[in-house]
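Asks: Spelled out from the first residue to the last, the chains are:
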Amino acid sequence: MNFPALFRKKEKPAGWNQPAVMQTHGEGDLLEVAMGPHHPSTHGVFRMDVALDGERVIRLKPVFGYLHRNHEKIAEGISYLASMPYTDRLDYICPITNNWAYALAVEKLTGQEVPERAEYLRVITGELTRFQNHASSIGFLIQEMGASGTPLMYAFREREKILDLFEELTGARMMVNYMRFGGCRVDATPAWLDKTRAVVAGLSGFVDEFEQLLRSNEILMARCQGVGILNPELAVNAGITGPMLRASGVNYDIRKVDHYGIYDRFKFRVPLGDHGDVYDRFMIRLLEMRESIGILEQALKDIPGGPVMDPKAKSRGFRPKPGEAYGRIEAPKGELGFYLISDGGPNPYRYRVRPPSLINLTVLEDMCLGADVADVVLIFGSVDIVLGEVDR
Amino acid sequence: MKTVEEIKAAIEAAVPGAGVEIVPNPSVSGQHSLRLAPGCALEVAAFLRDDAELALDFLSNVTGVDWPDKEVAERVKVTRTVTKVVDGAEQTVEETVEETRKRVEPGCLEAVYHLFSVKWKHGPVVLRLSTANRTDQVELPSLTPIWRSADFQEREVFDLYGIVFTGHHDLRRLLMWPEFKDHPMRRDYVEPDDFEFEPTAHDAVLARTQAHRAAHPEESASQERAKA
Chain A
345 MNFPALFRKK EKPAGWNQPA VMQTHGEGDL LEVAMGPHHP STHGVFRMDV
395 ALDGERVIRL KPVFGYLHRN HEKIAEGISY LASMPYTDRL DYICPITNNW
445 AYALAVEKLT GQEVPERAEY LRVITGELTR FQNHASSIGF LIQEMGASGT
495 PLMYAFRERE KILDLFEELT GARMMVNYMR FGGCRVDATP AWLDKTRAVV
545 AGLSGFVDEF EQLLRSNEIL MARCQGVGIL NPELAVNAGI TGPMLRASGV
595 NYDIRKVDHY GIYDRFKFRV PLGDHGDVYD RFMIRLLEMR ESIGILEQAL
645 KDIPGGPVMD PKAKSRGFRP KPGEAYGRIE APKGELGFYL ISDGGPNPYR
695 YRVRPPSLIN LTVLEDMCLG ADVADVVLIF GSVDIVLGEV DR
Chain B
11 MKTVEEIKAA IEAAVPGAGV EIVPNPSVSG QHSLRLAPGC ALEVAAFLRD
61 DAELALDFLS NVTGVDWPDK EVAERVKVTR TVTKVVDGAE QTVEETVEET
111 RKRVEPGCLE AVYHLFSVKW KHGPVVLRLS TANRTDQVEL PSLTPIWRSA
161 DFQEREVFDL YGIVFTGHHD LRRLLMWPEF KDHPMRRDYV EPDDFEFEPT
211 AHDAVLARTQ AHRAAHPEES ASQERAKA
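As given, the protein sequences belong to chains A and B, one line each in that order. One point on numbering: in this note's numbering, the residue at position 355 of the first sequence is 699, and numbering is uninterrupted. One point on numbering: in this note's numbering, the residue at position 104 of the second sequence is 114, and numbering is uninterrupted.
If you're looking for bench data, these hints aren't it; they were derived computationally from the structure. It is possible that some hints are incorrect.
What the hints assert, rightly or not - As a list, the in silico DSS-like pairs of lysine-lysine whose alpha-carbon atoms are at most 25 Å apart:
id, chain 1, residue 1, chain 2, residue 2
1, B, Lys18, B, Lys131
2, A, Lys505, A, Lys539
3, B, Lys87, B, Lys112
4, B, Lys12, A, Lys600
5, B, Lys129, B, Lys18
6, B, Lys129, A, Lys600
7, A, Lys356, B, Lys131
8, A, Lys417, A, Lys665
9, A, Lys539, A, Lys611
10, A, Lys417, B, Lys80
11, A, Lys600, B, Lys131
12, B, Lys131, B, Lys12
13, A, Lys611, B, Lys131
14, A, Lys665, B, Lys80
15, B, Lys129, A, Lys611
16, A, Lys417, B, Lys191
17, A, Lys405, B, Lys12
18, A, Lys505, A, Lys645
19, A, Lys356, B, Lys129
Claimed, not checked - The following label-pair restraints were derived from C-beta to C-beta distances:
id, chain 1, residue 1, chain 2, residue 2, range
20, A, Arg609, B, Glu189, 45 to 55 Å
21, A, Leu425, B, His132, 28 to 38 Å
22, B, Asp204, A, Asn691, 56 to 66 Å
23, B, Val114, A, Gly638, 56 to 66 Å
24, B, Ala62, A, Gly638, 33 to 43 Å
For each residue, glycine too, the CB sits at the ideal point set by N, CA and C.
Okay, chain A solo, but in the shape it has when bound (with noise of 0.2 Å):
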């Protein structure tokens, strides 16, 4: 099944991008059931209040807040700078990126210079992120599907020699705190560069061996492909970002189309879906891998010297002039967004994240709405969230 051309001129019925409601057909009440907030499947805190009607989904109203500590306040109370480490804690699978995008913001805020040897670390190990997001991603959507184990302790395998190498660059594995404004933190030695070209040699492999593993397997076949499918009208309207809408057809790379940092150097294409269901948005993630490592090899090779901090960037206890940003990445999972205000303080006025997890969560009801209860759980892991996001 193929989506008919995107964006042509059509008239649309009224409603159509707002939560479709499904009738039910059979007899007899209907089964409210709360998965979550514990529930294996849920990633974290999270529930979903489904309506059964026998096997089949009728209601979906997500429930959030579990994990929410209100972020935004947090910052507003306390220097630019101080932010930094609680960046680590939105999406905890992939700090780097998030460290990346606040730090894009706040330079957007003040004009501050990137030194190019920082531009190149920020790629390499924003790629190396984006590379171990998605293989603990696909692990966990298998996992999801019955194969407690085995493919998602191969993603895992690799996603330790990444953690490895950042615990060698910045001192900590997942809490990294490892970019500032106008830089980044400490610069990497000629053999931690040596070793990552190294792991990257392998990661090619692994690729090969995962996709292999899982993109021909017929139980995978069969529980993933026509199952929530997401069409790419809706998909655009409702904010939907990263390889999910990519999954849907829809080229919109903001590596591409903003290109923020050094990203117009890379040669690298952006892999798109046909079908814009839980396969297609599996086998983006697999694609995406393979052009990550083909960021990675050219940016390695490339890497100049040089400082890595502006020398005259200043950290600590400055003020930004009055006015207001918007900064945003290609974060994993989508558009990762920081938007500032500053008054001339010290502290940012307003600090708002746009986080991609919850925004795209947006469509679930639509593409659960008359899926089986056990296809809900795949479809919520295509999604890929993390709730130290979702929540804030």
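Given the structure of chain A, go ahead and fit chain B onto it with the hints provided.
Replies: This is chain B only, laid out in the frame that chain A set:
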């Protein structure tokens, strides 16, 4: 991409009486924004999404901002007529004095929308909508019928700031629990001492006993004596 001035002109040509105002952004990011009159916001939003040249089909980000009432102190020159004794005779003289006057600038709640175009790959265009005040007139039109991505984000703004989005299909609290009363992202929000305080039967009994003892001191005195 068009500049904000061009977008303003396009909106005013398409939606007569739209009342668009440019809010300049003095920082280096240069992301200027457009303030819309809440009355025409839905029409303007539909125009921005469906216009072939702008095609802002992707609403990325909805932010709530709180601008509290501000007390502004101003030095004002005041001229008044004063009766003075000059050289032994009373005279009315005009005198100019500088005075500090305090004036309260009314605050508002604001919703900021960041729009991009997936079709033409441009953006951001920033829209702002402000409420009339922070207390009783906090309604804004919901843009959910135009962009579905406002769905959860407007719920979040409603939850944390208390802006009521009229026309939203499911306006409930998103992050705080349904029984929660206040809006924690407002600048003047004060945390309760105890989030989970509930008056118990024990408290009621204690209060009654204390009131009784205060009314009948002789009883407690006799009880003390009996204990001793």
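Asks: Quick check: which numbered hints come out false for this structure?
Replies: 17 and 22
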